[in-house]
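**Student:** So the sequence lines, in the order shown, correspond to chains A and B. Going by the numbering used here, the first residue of the first sequence is number 1, and it counts up by one from there. Going by the numbering used here, the first residue of the second sequence is number 1, and it counts up by one from there.
Calculated from the structure, these hints are not laboratory results. These figures come from a predicted structure and were not determined experimentally. C-beta atoms are modelled at their ideal positions from N, C-alpha and C, and glycine is treated no differently. Worth double-checking, as some hints may not be accurate.
Claimed, not checked - A short list of chain B residues far from chain A (calculated; beta carbon distances all over 12 Å):
{"hint": "1", "residue": "P48"}
{"hint": "2", "residue": "Q177"}
{"hint": "3", "residue": "D205"}
{"hint": "4", "residue": "I454"}
Claimed, not checked - Straight-line alpha carbon distances no greater than 27 Å define the calculated BS3-like cross-link-like pairs of lysine-lysine that follow:
{"hint": "5", "chain 1": "B", "residue 1": "K288", "chain 2": "A", "residue 2": "K551"}
{"hint": "6", "chain 1": "A", "residue 1": "K288", "chain 2": "B", "residue 2": "K551"}
{"hint": "7", "chain 1": "A", "residue 1": "K375", "chain 2": "B", "residue 2": "K361"}
{"hint": "8", "chain 1": "B", "residue 1": "K521", "chain 2": "A", "residue 2": "K288"}
{"hint": "9", "chain 1": "A", "residue 1": "K551", "chain 2": "B", "residue 2": "K551"}
{"hint": "10", "chain 1": "A", "residue 1": "K298", "chain 2": "B", "residue 2": "K525"}
{"hint": "11", "chain 1": "B", "residue 1": "K200", "chain 2": "A", "residue 2": "K89"}
{"hint": "12", "chain 1": "A", "residue 1": "K551", "chain 2": "B", "residue 2": "K67"}
{"hint": "13", "chain 1": "A", "residue 1": "K288", "chain 2": "B", "residue 2": "K525"}
{"hint": "14", "chain 1": "B", "residue 1": "K105", "chain 2": "B", "residue 2": "K89"}
{"hint": "15", "chain 1": "A", "residue 1": "K371", "chain 2": "B", "residue 2": "K521"}
{"hint": "16", "chain 1": "A", "residue 1": "K525", "chain 2": "B", "residue 2": "K288"}
{"hint": "17", "chain 1": "B", "residue 1": "K298", "chain 2": "A", "residue 2": "K551"}
{"hint": "18", "chain 1": "A", "residue 1": "K371", "chain 2": "B", "residue 2": "K361"}
{"hint": "19", "chain 1": "B", "residue 1": "K89", "chain 2": "A", "residue 2": "K173"}
{"hint": "20", "chain 1": "A", "residue 1": "K469", "chain 2": "B", "residue 2": "K361"}
{"hint": "21", "chain 1": "A", "residue 1": "K361", "chain 2": "B", "residue 2": "K401"}
{"hint": "22", "chain 1": "B", "residue 1": "K201", "chain 2": "A", "residue 2": "K361"}
{"hint": "23", "chain 1": "A", "residue 1": "K139", "chain 2": "A", "residue 2": "K67"}
{"hint": "24", "chain 1": "B", "residue 1": "K401", "chain 2": "A", "residue 2": "K473"}
{"hint": "25", "chain 1": "B", "residue 1": "K361", "chain 2": "A", "residue 2": "K89"}
{"hint": "26", "chain 1": "B", "residue 1": "K368", "chain 2": "A", "residue 2": "K469"}
{"hint": "27", "chain 1": "A", "residue 1": "K401", "chain 2": "B", "residue 2": "K67"}
{"hint": "28", "chain 1": "B", "residue 1": "K61", "chain 2": "A", "residue 2": "K517"}
{"hint": "29", "chain 1": "B", "residue 1": "K298", "chain 2": "A", "residue 2": "K525"}
{"hint": "30", "chain 1": "B", "residue 1": "K469", "chain 2": "A", "residue 2": "K401"}
{"hint": "31", "chain 1": "B", "residue 1": "K61", "chain 2": "A", "residue 2": "K200"}
Each chain, letter by letter, is given below.
There are 2 protein chains.
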Amino acid sequence: MKIVLAQLDYHIGNFLENTTNIVLEIKNAQQNNADLIVFSELSVCGYPPQDLLERREFVSKCETEIKRIARICTDIGAIIGGPTINPDKEGKLLFNSAFFLYEGKIKQVFHKSLLPTYDIFDEYRYFEPNRNFSILGFKGQKIAVTICEDLWDEQPVENEFARRRLYTVNPMKELSQFKPDILINIAASPFSHQRTGLKKKIFIDKARQYQVPVIYVNQVGGQTQLIFEGGSMAIDKSGRIVEQLNYFSPDTRIVDTEQLTGKGRLPVVFEEPDRIKMVHDALITGIKGYFQKLNLRKALIGLSGGIDSAVTLVLAVRALGKENVHSLLMPSQYSSDHSVTDSIQLSENLDVNYDIIDIQKPYNTFLKILKPIFKDLPEDITEENIQSRIRGLILMAYSNKFGNILLNTSNKSEAAVGYGTLYGDMAGGLSILGDVYKTDVYKLAELINRKKIIIPQNIINKPPSAELKPDQKDTDSLPEYDVLDKVLYEYIELQKSPEELISTGSYDENLINRIIKMIIKNEYKRYQTPPILRISSKAFGEGRRIPLTAKW
Amino acid sequence: MKIVLAQLDYHIGNFLENTTNIVLEIKNAQQNNADLIVFSELSVCGYPPQDLLERREFVSKCETEIKRIARICTDIGAIIGGPTINPDKEGKLLFNSAFFLYEGKIKQVFHKSLLPTYDIFDEYRYFEPNRNFSILGFKGQKIAVTICEDLWDEQPVENEFARRRLYTVNPMKELSQFKPDILINIAASPFSHQRTGLKKKIFIDKARQYQVPVIYVNQVGGQTQLIFEGGSMAIDKSGRIVEQLNYFSPDTRIVDTEQLTGKGRLPVVFEEPDRIKMVHDALITGIKGYFQKLNLRKALIGLSGGIDSAVTLVLAVRALGKENVHSLLMPSQYSSDHSVTDSIQLSENLDVNYDIIDIQKPYNTFLKILKPIFKDLPEDITEENIQSRIRGLILMAYSNKFGNILLNTSNKSEAAVGYGTLYGDMAGGLSILGDVYKTDVYKLAELINRKKIIIPQNIINKPPSAELKPDQKDTDSLPEYDVLDKVLYEYIELQKSPEELISTGSYDENLINRIIKMIIKNEYKRYQTPPILRISSKAFGEGRRIPLTAKW
Numbered sequence: 001m002k003i004v005l006a007q008l009d010y011h012i013g014n015f016l017e018n019t020t021n022i023v024l025e026i027k028n029a030q031q032n033n034a035d036l037i038v039f040s041e042l043s044v045c046g047y048p049p050q051d052l053l054e055r056r057e058f059v060s061k062c063e064t065e066i067k068r069i070a071r072i073c074t075d076i077g078a079i080i081g082g083p084t085i086n087p088d089k090e091g092k093l094l095f096n097s098a099f100f101l102y103e104g105k106i107k108q109v110f111h112k113s114l115l116p117t118y119d120i121f122d123e124y125r126y127f128e129p130n131r132n133f134s135i136l137g138f139k140g141q142k143i144a145v146t147i148c149e150d151l152w153d154e155q156p157v158e159n160e161f162a163r164r165r166l167y168t169v170n171p172m173k174e175l176s177q178f179k180p181d182i183l184i185n186i187a188a189s190p191f192s193h194q195r196t197g198l199k200k201k202i203f204i205d206k207a208r209q210y211q212v213p214v215i216y217v218n219q220v221g222g223q224t225q226l227i228f229e230g231g232s233m234a235i236d237k238s239g240r241i242v243e244q245l246n247y248f249s250p251d252t253r254i255v256d257t258e259q260l261t262g263k264g265r266l267p268v269v270f271e272e273p274d275r276i277k278m279v280h281d282a283l284i285t286g287i288k289g290y291f292q293k294l295n296l297r298k299a300l301i302g303l304s305g306g307i308d309s310a311v312t313l314v315l316a317v318r319a320l321g322k323e324n325v326h327s328l329l330m331p332s333q334y335s336s337d338h339s340v341t342d343s344i345q346l347s348e349n350l351d352v353n354y355d356i357i358d359i360q361k362p363y364n365t366f367l368k369i370l371k372p373i374f375k376d377l378p379e380d381i382t383e384e385n386i387q388s389r390i391r392g393l394i395l396m397a398y399s400n401k402f403g404n405i406l407l408n409t410s411n412k413s414e415a416a417v418g419y420g421t422l423y424g425d426m427a428g429g430l431s432i433l434g435d436v437y438k439t440d441v442y443k444l445a446e447l448i449n450r451k452k453i454i455i456p457q458n459i460i461n462k463p464p465s466a467e468l469k470p471d472q473k474d475t476d477s478l479p480e481y482d483v484l485d486k487v488l489y490e491y492i493e494l495q496k497s498p499e500e501l502i503s504t505g506s507y508d509e510n511l512i513n514r515i516i517k518m519i520i521k522n523e524y525k526r527y528q529t530p531p532i533l534r535i536s537s538k539a540f541g542e543g544r545r546i547p548l549t550a551k552w
Numbered sequence: 001m002k003i004v005l006a007q008l009d010y011h012i013g014n015f016l017e018n019t020t021n022i023v024l025e026i027k028n029a030q031q032n033n034a035d036l037i038v039f040s041e042l043s044v045c046g047y048p049p050q051d052l053l054e055r056r057e058f059v060s061k062c063e064t065e066i067k068r069i070a071r072i073c074t075d076i077g078a079i080i081g082g083p084t085i086n087p088d089k090e091g092k093l094l095f096n097s098a099f100f101l102y103e104g105k106i107k108q109v110f111h112k113s114l115l116p117t118y119d120i121f122d123e124y125r126y127f128e129p130n131r132n133f134s135i136l137g138f139k140g141q142k143i144a145v146t147i148c149e150d151l152w153d154e155q156p157v158e159n160e161f162a163r164r165r166l167y168t169v170n171p172m173k174e175l176s177q178f179k180p181d182i183l184i185n186i187a188a189s190p191f192s193h194q195r196t197g198l199k200k201k202i203f204i205d206k207a208r209q210y211q212v213p214v215i216y217v218n219q220v221g222g223q224t225q226l227i228f229e230g231g232s233m234a235i236d237k238s239g240r241i242v243e244q245l246n247y248f249s250p251d252t253r254i255v256d257t258e259q260l261t262g263k264g265r266l267p268v269v270f271e272e273p274d275r276i277k278m279v280h281d282a283l284i285t286g287i288k289g290y291f292q293k294l295n296l297r298k299a300l301i302g303l304s305g306g307i308d309s310a311v312t313l314v315l316a317v318r319a320l321g322k323e324n325v326h327s328l329l330m331p332s333q334y335s336s337d338h339s340v341t342d343s344i345q346l347s348e349n350l351d352v353n354y355d356i357i358d359i360q361k362p363y364n365t366f367l368k369i370l371k372p373i374f375k376d377l378p379e380d381i382t383e384e385n386i387q388s389r390i391r392g393l394i395l396m397a398y399s400n401k402f403g404n405i406l407l408n409t410s411n412k413s414e415a416a417v418g419y420g421t422l423y424g425d426m427a428g429g430l431s432i433l434g435d436v437y438k439t440d441v442y443k444l445a446e447l448i449n450r451k452k453i454i455i456p457q458n459i460i461n462k463p464p465s466a467e468l469k470p471d472q473k474d475t476d477s478l479p480e481y482d483v484l485d486k487v488l489y490e491y492i493e494l495q496k497s498p499e500e501l502i503s504t505g506s507y508d509e510n511l512i513n514r515i516i517k518m519i520i521k522n523e524y525k526r527y528q529t530p531p532i533l534r535i536s537s538k539a540f541g542e543g544r545r546i547p548l549t550a551k552w
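Sequences and hints are given; from them, build the entire structure.
**Tutor:** As structure tokens, then:
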């Protein structure tokens, strides 16, 4: 049986575009004499549709489109994802379903059993879990149809307090009673660095355990915060990857099930990109997705002379093209000369247009009009924030006038400890580095400069500074980033308790307490940040929900 | 049996304070010779703890505190809420549990069966649903212990597309096999206007259906966005409310079960406050909760001369005291004279200190420094936003210097259609009116002025205007608020489709399409707004999750 793995980038709710792309792939597959074409989870509407699933017109549009697509599946089978209405009177209104289309009709429907409801996932918000298992019989083959999490009955957990087995049902065990010849998994599995290997392991293990070939079709592309890496695969019954689709771009491949016996075709030699390269590509995909899907074209970046804005600028240029990116340099009396010259050099290296606006005048104006109220109170963080907010205001004014979307340049380390100004450097339509720790921002800069110097070396070498008062350094207020990032990772991603962190003996107790206090205290700032491109297993934003007024 | 209903305000994660308050109530109950004292859902840690439940140290602290509290429950029984660890190897890590404490020990534990996972609720994110039902035997009485949603097997739905029966289990039906003498429900049921009557109906119906008295104990107080109204009740077996506790303040009452036979004591004559009075009190509770729990004292409000900031100021004064509220008036060349005089009059009526800062100078400065870039491009929304952001900057500077938290004054109608400036009038630590439609803001103003004029009549009478360009009126860009608000309510709360709205014939098709387009287009602005005090069944924020990049 010839099966096409169709790894597409869907635009949530853009039914016209999604259906058009799906139909195109089906027609191609027909021309290639394929027997079956497989699309990803909720492909008819794009994943994650979130609360659009609560709207009658959205769900009924999904149904209409599936029927429309079914009509062209005359001599080819198609598996496609979409919501269905739960016919029972009790339980959640919807199922997360896989439709089997053939002979112009919806022939069979399979529902998702394991509904991820953790981190950024909220599937039990909408869907009833399936408990009735059935097999798809097609052209003499028995096909087990599963949907994403259905194969994740055992979770690869980083956090020791988390559960490995979140569900009391194991769909593949249930389906194995039918002795399937092929296992298909349609997925919408978002990227998180260091997890692509784990994903492979999940599928390889299932192939080996059940001695069955696995076809895994993921979606690809950016969906606001979430980035889907694609990387769809065909695995033979001995657990060897025989076909692997592109990372971070749409891709379609045809696989013959005869090659999946574990004897035939040799496994692909697929060199996995290194972690930082994957992050780099993921962020570019995220930027592209945001702009394309919102029908935007131009971006704006405020260049401080620091590494975060430099890396953001490079990523934006790679995602959108140099002609669509503009940079603003906004020096103050506290800016070092090199901040401006380095930023100019960077913009020129990238051939990006820039403007320079000195913020001295508005800063003095604000000090003057505030003087009757502030009187002789000493300068403090207020004056630093005023500078940052003047820059935010200028960037937004440029954005309003010319339609360039402001990209936020804050990194995860800063966001964690609240080292940033709300409505100032925390402004923007999309945060590019908000899930990238500072130490990884350096690694991204190294990667960018590997072949030729794009980011001036001085930007990388100089000690990080907000330049909001004379001779300021980040380390005046923060621990060194290499220590800070380790603690943040263990506290945020691994969810280790302060006691556990202290008991390792690797860190000073006061330091741990100080860092954690900063994290907790600045929850309110993170509440108002732009959406953050998620590249880790625990990003700030929708996947991390902390009550602001908690005392903890 | 004498049962104490203990309706307290918990501070999430503040175990010292929560335990102290709980212990105090137990001691009081002991002195009053009560047999049993009942606290609310997850009372040991406060509701909703959200992702703090994923932290080992948080869950283990809950356990420690429950054991500590158990020790003083020697001659009195106590029912208290807290998380427990699911002893099975499979399924979610935790249960949402009710502990029965007696004779110094944890005697019995009951788990929640129905886990709300919709709107602002995410309980299946953390908890495994209970499927084993048991009864509490205490002093010769059989007590059915349920937790909040357990009695909501049938939902009172406003949205026709939503499910009435979200669960396949009916806990009270299961528990009825034990023939309980009393039904206890410990809850954390947040306020939403027009729903307090529905809550009563739920409990009254259960009492009648199972011919059993109902004891319902809710928590009270503000938890960031969520406001808990309290309103705990004792209902006799014939469905009459025999005791009702305060709305919006901690309260404790003792009830004798002999009064719950349906014959004894007369039902309370409890005059339900009207809807707007409830909203008024809820918002004050929300402000108080935010400030108290974050250990803040002082607030700041920018007064525009419009009704939103006027109502916000009054609510802030009522929540925090006039001495803790400051107002800033920031006129520009487009401000009408009455904007300033009305705002001064309002501040004086409330005896609130104010400052006046003219924004003309910084506005001119920005125009000047942007001139080389903007050249001769015509004025547009950019210049309006600059004014709004200058005000935001000044307010934040005052906030930084003096520690006053900026209250956001945007209303729900504006937030819905994006009639506001990010980082300008959309700034603040907490949004007071972000879930109140403009037409209800007027009703709040009427209520405030009922006994004596506090808000100058001119503020109420004049047509709403942002005053960001000459002779601007809200109706230049928006439909009349009475029409707009109806459409918004039907689209947002009732989730009606555009087609349904048009088919009623009540609205013009173009108007509907224009409004809905504005709602969808401005999702990105709402993503970055401060937490909004929730008073409706569908507020912007955590309870409404829409993908930003959707095309819909």
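**Student:** Determine for every hint whether it applies to the structure shown.
**Tutor:** Do the hints match the structure? See the list:
no., hint, verdict
1, P48, "violated (6 Å)"
2, Q177, "holds (19 Å)"
3, D205, "holds (18 Å)"
4, I454, "holds (25 Å)"
5, B:K288 x A:K551, "holds (16 Å)"
6, A:K288 x B:K551, "holds (16 Å)"
7, A:K375 x B:K361, "holds (19 Å)"
8, B:K521 x A:K288, "holds (19 Å)"
9, A:K551 x B:K551, "violated (39 Å)"
10, A:K298 x B:K525, "holds (18 Å)"
11, B:K200 x A:K89, "holds (25 Å)"
12, A:K551 x B:K67, "holds (21 Å)"
13, A:K288 x B:K525, "holds (20 Å)"
14, B:K105 x B:K89, "holds (26 Å)"
15, A:K371 x B:K521, "violated (40 Å)"
16, A:K525 x B:K288, "holds (20 Å)"
17, B:K298 x A:K551, "holds (19 Å)"
18, A:K371 x B:K361, "holds (14 Å)"
19, B:K89 x A:K173, "holds (17 Å)"
20, A:K469 x B:K361, "holds (24 Å)"
21, A:K361 x B:K401, "holds (21 Å)"
22, B:K201 x A:K361, "violated (63 Å)"
23, A:K139 x A:K67, "holds (22 Å)"
24, B:K401 x A:K473, "holds (22 Å)"
25, B:K361 x A:K89, "violated (64 Å)"
26, B:K368 x A:K469, "holds (25 Å)"
27, A:K401 x B:K67, "violated (62 Å)"
28, B:K61 x A:K517, "holds (18 Å)"
29, B:K298 x A:K525, "holds (18 Å)"
30, B:K469 x A:K401, "holds (16 Å)"
31, B:K61 x A:K200, "violated (38 Å)"
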